[in-house]
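Given the sequences, and given the hints that come with them, work out the whole structure.
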Amino acid sequence: MMEKKNNKVSVICPYCGAGCRFELIVENGKAIGIDYEPDHPVALGALCPKGNSAVELLNHPERLTFPIMRERNGKTRRITWDEALQFVANKLRQIREDFGPDAVGFLASAKVSNEENYLFQKLARLFGSPHVDHCARLCHSPSIVALSRALGSGAMTNPISDLENSRCILIIGSNFSENHPIVSRWVLNAKDRGAFIIAVDPRKTPTTEIAHIHLMIRPGTDGILLNAIMAQILREGLANYDFIASRTEGFEHLKDKLRQIDIIKAAKQVGVPVGDIVITARKYATSPSSAIVYCMGITQHRYGTDYAASCANMALLCGHIGRSGAGIFPLRGQNNVQGASDMGALAEFLPGYVRTDDVEKRQNVAKLWGCDDLPSGGLSVTEIIGAILDGKIKALFVMGENPIVSDPCSAETEKALSMLDLLVVQDIFMTETANFAHVVLPAAMWAEKSGSYTNTERRVQWSPKALNPPNEAKSDLWIIGNLGKLLGLWEIPPQPEDILREINLAIPFYGGITPERIATSKEGLIWPCLDENHPGTSILYSEKFHRENGRATFVTSEVDFEASISHEPFSLITGRVAVHYNSGSITRKLPSLLRYTPNLELTIHPSDASELGIKDGSTVLVKTAKGTVETVAKVSSSVRQGSVFMPFHFPETNRLTPKDLDPIARIPSFKDAKCRLLRKDK
Amino acid sequence: MQSMASWKIFINPERCIGCHACEMACEQTHGGASNIKVQCAPVFCRHCEVPPCITVCYRNAIEMRNGKILLIKDLCTNCGICIFACPFGAIMTTTITRRIEPKEKAHRDVPLLSRLFGGKIFPKERQIVLVHKCDGCVERAEAGVARPACAATCPSGAIECKDIAQASSSKRIRTYEVHLVTHLTHREGTSL
Amino acid sequence: MKGILIRKDLCIGCRACASACEHGIIQIEETKEFRKIIVSGSCPDECKNCKDVCPTEAIIGEKPTSPQEVLFRLTLCRRCGMPTAPEPMLNFISRRMNQPLFELDLCITCRQQLMWEAIRER
Amino acid sequence: MKEIFVRIDRCVGCRSCELACAVEHSRSKTLFGAITEVPRPKKRVYVEYIEHRKVPFVCRHCEDAPCAKACRTGALTQDPVTRIVTHNPDRCIGCWLCVMTCPYGMINREEERRIAVKCDRCPEREEPACVSACPTKALVFAEEQEFTKLVRQETLSKLLPGYAS
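Chains as they are written, first to last, in the numbering used here: chain A, 28 to 709; chain B, 36 to 227; chain C, 110 to 231; chain D, 68 to 232.
Worth flagging that the hints you see were computed from the coordinates, not collected in a lab.
Predicted model only: the values in this text are computed from it and were never measured.
Ideal Cβ positions, reconstructed from N, Cα and C, are used throughout, including at glycine.
One thing to keep in mind: the hints can contain errors.
So these bits of chain B aren't anywhere near chain D, every CB distance computed over 12 Å [stated by the list, open to error]:
1) 44
2) 68
3) 105
4) 108
5) 113
6) 115
7) 129
8) 132
9) 164
10) 178
11) 208
As a list, the in silico DSS-like pairs of lysine-lysine whose alpha-carbon atoms are at most 25 Å apart [to be verified]:
12) D:136 / B:197
13) A:442 / A:650
14) A:707 / A:57
15) D:96 / B:197
16) A:653 / A:707
17) D:110 / B:197
18) C:117 / B:159
So these bits of chain C aren't anywhere near chain B, every CB distance computed over 12 Å [to be verified]:
19) 115
20) 117
21) 135
22) 142
23) 149
24) 171
25) 179
26) 180
27) 182
28) 190
29) 199
30) 205
31) 212
32) 216
33) 220
34) 227
Okay, here's the thing in structure tokens:
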């Protein structure tokens with residue numbers, strides 16, 4: 028593996044949001060191995076199992092290599108690029124004439140580069156359709172809404188490596204040992220230095236094993252727990268009153284609400300001993316610098332936005348923000364979900380988090396793009412599926428997404444996709460969604476095109492092109508650029524560097540992240556980076572918050588969280604596994620990863636299992652309002668009594684999940700699913 | 036630079052998160068067969084300084100070269116005796132199938148079928164159980180990369196390269212900093 | 110055409126000869142409790158790969174009467190009951206190690222689990 | 068059972084305990100004999116200089132010693148009654164599992180024989196060598212109750228003058 032004549036190209040890992048970097052060893056146009064970069068700030072060169080499978084992914088035999096057209100009768104035939112793009116352009120123009128521009132939906136992707144997402148949402152909005160969204164809706168849209176309202180921006184406040192300096196780390200709703208493995212290094216370093224680690228998770232996971240105390244809460248009671256902890260902090264007078272006085276507002280409202288909370292009752296509802304809540308409150312409040320690390324366990328709920336807001340409230344209450352080791356760490360799932368949200372590939376946001384209903388700022392962006400106004404009132408991913416079913420949306424352009432597996436209630440999604448007049452899917456594999464597509468466009472992978480990616484700690488890194496895509500596959504930028512040309516939106520398809528310069532103009536906090544600065548540097552720049560010689564800011568809010576008056580605000584939710592507890596037979600928790608990635612459309616195709624978790628398993632508590640007569644390995648029928656799935660049972664005490672766990676990397680899981688949305692962030696409440704179990708005797 | 040012998044591949048077992056990244060990295064660096072098996076922490080050759088596997092190997096196919104225990108492929112007969120001499124089960128096996136070039140004289144009598152096929156069939160391939168073990172990434176070390184692939188890729192820092200004495204003293208210092216400091220301040224009444 | 114004969118008293122049931130025999134004449138079949146070394150057919154005169162590799166020189170160059178089988182009962186692991194290795198092989202190991210340092214009748218997976226189990230009862 | 072207790076604030080960092088320990092574990096058991104011996108005798112007690120403080124570390128002979136449990140070849144065995152962990156050099160294969168699992172870093176390496184060395188609490192001596200060598204009585208070899216009584220008396224002697232005046 029160590030021959031001298033091949034060349035090593037330093038690329039970003041295409042999987043999770045950590046943004047690790049490694050060297051891809053390329054020999055005459057083919058990836059043959061990887062090497063590690065011990066001086067990269069994110070993870071000192073470490074890679075998780077998924078990162079190590081990069082070569083196998085690049086050389087995968089089943090990759091899409093030429094455009095495919097599906098006829099009316101379902102037969103598919105190979106077509107050329109001109110034919111494909113021409114057909115899509117004509118069909119889109121024709122649908123726009125017949126039903127108007129907002130009859131077309133656009134799904135961007137959190138796995139493509141910033142430039143491609145920027146151009147994609149620009150194409151959609153110049154075409155006239157307000158419906159641009161991507162899967163950040165399904166993961167951290169509550170964080171974007173809640174944190175930007177409370178603090179001014181929805182991103183992580185400190186870099187991941189800064190967790191090493193925390194003296195107390197509260198991990199709530201995150202299983203980073205499996206989903207962001209490199210985070211565990213920094214948390215373990217903190218633990219070695221004497222930090223106190225608290226884990227809140229309805230399941231026992233490798234992450235909760237790191238913690239000193241594990242609050243095994245009843246699923247869906249995160250909000251009650253957070254309020255109880257804050258109430259205890261207030262009752263013991265451990266809040267940081269001068270921080271509250273000098274840098275926040277709206278504290279009175281929260282104080283009155285927290286006064287009424289009876290911590291004993293709350294502990295009973297949450298299902299953890301009161302002592303643990305008191306210890307958590309004291310340790311978090313009294314430690315010199317505390318961090319809150321959270322992920323899907325907080326956001327994918329009916330009240331996800333309120334739970335995320337409670338995390339912000341808790342940090343503000345004790346002043347644990349804006350310092351080394353103190354901050355809020357929402358861990359993003361995909362390698363460029365932070366970048367895609369920054370680029371405005373969201374229904375209610377234009378690039379730089381300009382709200383689409385803010386007419387005055389919207390017109391500035393329109394002026395930049397050379398038109399007078401831009402559409403607003405776009406629908407989110409799940410609402411688009413609903414609109415298709417009502418016949419309002421006729422065409423859908425999907426880039427690098429697999430809604431059938433990642434969206435809730437797949438039966439509805441399948442029905443909707445089959446009703447469309449035009450479904451275009453641009454992906455690297457023939458995914459479940461691509462099977463329904465009229466036109467399938469082969470895309471290049473991350474290492475076969477150059478572009479910038481923003482990881483979860485707001486670090487924008489450039490990933491150069493290491494090798495050419497397999498025969499006819501093209502980079503997403505080439506596809507969108509040429510489609511836009513055919514639609515008459517711009518003359519020449521732009522290069523990544525030109526788009527990045529346009530991004531520097533359009534988004535103030537990307538102002539200084541120019542191609543010249545990041546193309547050669549391995550660490551990249553952490554936004555906000557306002558101009559050419561701005562070094563980037565690794566820790567946010569050290570002086571003031573990104574709000575008009577520079578003060579953060581407490582967001583008190585009027586919602587009665589008790590209502591969210593329901594005592595139906597089983598609560599179904601969906602989540603991730605170390606070796607698989609999101610919809611699994613990539614990792615399920617890689618034998619070196621599939622062998623560790625080959626098939627879907629339902630984890631059930633031993634006493635529930637014996638009650639239903641289920642043994643290890645027996646087949647089980649899982650029933651919810653949305654569907655029924657048959658799977659294999661695994662008996663383990665890693666779940667609470669009365670709850671079961673299923674990883675969502677397999678197509679069956681999201682057949683079961685409910686569709687009711689969080690009212691504000693419109694995120695489906697994956698984690699509030701309820702189900703019934705039946706033993707299926709052979 | 037301390038001698039290579041004292042530079043050990045050091046495992047902090049309580050840091051292992053069971054993610055199998057080391058197995059995958061080892062597999063890629065050694066052409067498809069991983070020398071690591073993750074149980075509740077990674078298991079691979081400890082490169083012992085008084086190795087039982089060397090004493091057991093009747094063909095001296097296992098050799099200690101500057102701190103690393105290496106299995107010499109062309110001397111090794113894949114007999115599998117050393118596998119049961121290793122107290123940790125760190126010597127591993129992979130079953131491969133290898134083609135047989137038909138030689139005119141060599142044949143296999145198969146009693147059952149002897150009447151039907153005149154008693155001779157010529158098998159096309161055969162199963163071999165290959166014996167392999169961790170070589171401390173000697174190839175990487177010679178190419179100037181100090182750390183073995185598993186230590187380089189381990190996301191949680193469970194596998195590291197440390198000198199024994201340095202590892203022990205860092206543990207002592209950490210014990211002091213984490214546990215003894217608070218004890219001391221109470222006894223003396225001084226706050227550090 | 111001469112064949113080979115495995116002396117049952119000397120053979121310890123390792124896999125050296127099966128791996129060395131390029132013509133596939135020596136095959137090994139393994140079940141949960143038995144390992145069977147099957148010698149069938151005759152091999153070219155000049156080939157003596159198996160004789161070179163055999164740790165106990167148990168292979169001699171005489172014409173066997175009929176296809177030969179050597180059967181070994183596999184000792185079962187003390188901790189989990191899975192098969193480990195033939196009895197003579199374990200004796201060969203303890204002989205060469207003058208006094209056994211540890212229990213030989215543990216299978217590989219158990220040894221690996223016991224390596225770290227002292228610290229982490231996961 | 069008698070244990071070695073450490074009064075950290077009394078340690079002046081003179082390292083005579085380390086010297087005494089090495090001499091005790093040499094063949095000649097005399098300082099001048101020990102210097103010329105091969106294998107060079109190794110200390111089992113360690114004084115660390117951290118910030119401005121000197122801290123002596125002695126093996127605690129833990130109740131369920133992780134090192135004894137981790138040792139796969141029976142080199143480190145714990146006496147069920149006295150709880151003392153002793154090391155048998157012939158069985159040690161130098162795999163260093165004990166070094167990795169000991170939370171306090173009390174096991175060291177002897178280069179010549181490439182085996183582990185650790186404190187065995189001087190079985191032949193009535194009082195361990197390091198305790199008798201310590202000039203400031205930072206190391207105390209006593210029963211638990213005796214030591215806690217000693218601590219009470221010491222604290223009382225500090226409090227009394229203030230109280231009496």
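Structure-based check of each hint:
1. A Cβ of chain D approaches the Cβ of residue 44 of chain B within 12 Å, the least distance being about 10 Å, so the stated non-interface status is violated.
2. Remark: the non-interface label on residue 68 of chain B is consistent with the geometry, its nearest Cβ contact in chain D lying 23 Å away (cut-off 12 Å).
3. With a least CB separation of 16 Å from chain D, residue 105 of chain B remains clear of the 12 Å interface cut-off, as annotated.
4. At roughly 24 Å, the least C-beta separation between residue 108 of chain B and chain D is larger than 12 Å, which holds for a residue marked as non-interface.
5. The Cβ of residue 113 of chain B lies farther than 12 Å from every Cβ of chain D, with a closest approach of about 24 Å, so its non-interface assignment holds.
6. With a least beta-carbon separation of about 20 Å from chain D, residue 115 of chain B lies farther than 12 Å from that chain, consistent with its non-interface assignment.
7. Every C-beta of chain D lies more than 12 Å from that of residue 129 of chain B, the closest at about 24 Å, which supports listing it as non-interface.
8. For residue 132 of chain B, the shortest C-beta to C-beta distance to chain D comes to about 34 Å, beyond the 12 Å cut-off, and the non-interface label holds.
9. For residue 164 of chain B, the requirement that its beta carbon stay farther than 12 Å from each beta carbon of chain D is met, with the minimum near 24 Å.
10. No Cβ of chain D comes within 12 Å of the Cβ of residue 178 of chain B; the nearest lies about 26 Å off, and the non-interface call holds.
11. In this structure residue 208 of chain B is not separated from chain D by more than 12 Å, as the shortest Cβ-Cβ distance comes to only about 6 Å.
12. The straight-line distance between the Cα atoms of residue 136 of chain D and residue 197 of chain B is roughly 23 Å, inside the 25 Å bound, and the hint therefore holds.
13. The suggested pairing of residue 442 of chain A with residue 650 of chain A holds, with an alpha-carbon distance near 20 Å, which does not exceed 25 Å.
14. Taking the CA atoms of residue 707 of chain A and residue 57 of chain A, the gap is near 48 Å; set against the 25 Å cutoff, the hint is violated.
15. Straight-line distance between C-alpha atoms of residue 96 of chain D and residue 197 of chain B comes to about 33 Å, which puts the hinted pair past the 25 Å bound.
16. The straight-line distance between the Cα atoms of residue 653 of chain A and residue 707 of chain A is roughly 19 Å, inside the 25 Å bound, and the hint therefore holds.
17. Distance check on the hinted pair: residue 110 of chain D and residue 197 of chain B sit about 21 Å apart at the alpha-carbon level, within 25 Å; holds.
18. At most 25 Å may separate the alpha-carbon atoms for a hinted pair to count; residue 117 of chain C and residue 159 of chain B exceed this at roughly 28 Å.
19. A cut-off of 12 Å between C-beta atoms confirms that residue 115 of chain C is not in contact with chain B; the least separation is 14 Å.
20. The claim that residue 117 of chain C lies off the interface holds: its Cβ sits roughly 18 Å from the closest Cβ of chain B, which is beyond the 12 Å cut-off.
21. Listed as a non-interface residue, residue 135 of chain C fails to keep its Cβ farther than 12 Å from every Cβ of chain B; the least gap is roughly 9 Å.
22. Distance check on residue 142 of chain C: its Cβ is at least 17 Å (rounded) from any Cβ of chain B, clearing the 12 Å threshold; non-interface status holds.
23. At the 12 Å boundary, the C-beta of residue 149 of chain C falls inside the reach of chain B, the nearest C-beta of that chain being 5 Å off.
24. The beta carbon of residue 171 of chain C sits about 16 Å from the closest Cβ of chain B, which is more than 12 Å, so the claim that it is off the interface holds.
25. No Cβ of chain B comes within 12 Å of the Cβ of residue 179 of chain C; the nearest lies about 15 Å off, and the non-interface call holds.
26. With a least beta-carbon separation of about 16 Å from chain B, residue 180 of chain C lies farther than 12 Å from that chain, consistent with its non-interface assignment.
27. With a minimum CB-CB distance of about 16 Å to chain B, residue 182 of chain C clears the 12 Å threshold, and the non-interface call stands.
28. For residue 190 of chain C, the non-interface assignment is confirmed: its Cβ lies about 16 Å from the closest Cβ of chain B, beyond the 12 Å cut-off.
29. A beta-carbon of chain B comes within 12 Å of the beta-carbon of residue 199 of chain C; the shortest separation is about 6 Å.
30. A beta-carbon of chain B comes within 12 Å of the beta-carbon of residue 205 of chain C; the shortest separation is about 5 Å.
31. Here residue 212 of chain C does not stay apart from chain B, with its beta-carbon only about 9 Å from theirs, under the 12 Å limit.
32. Listed as outside the interface, residue 216 of chain C is inconsistent with that label: its C-beta sits roughly 8 Å from the nearest C-beta of chain B, within the 12 Å cut-off.
33. Once the 12 Å rule is applied to beta carbons, residue 220 of chain C is inconsistent with being away from chain B; the minimum gap is 4 Å.
34. Some Cβ of chain B comes within 12 Å of the Cβ of residue 227 of chain C; the nearest lies about 9 Å off, and the non-interface call is violated.
Comparing the model with each numbered hint stated earlier shows that hints 1, 11, 14, 15, 18, 21, 23, 29, 30, 31, 32, 33, 34 do not hold.
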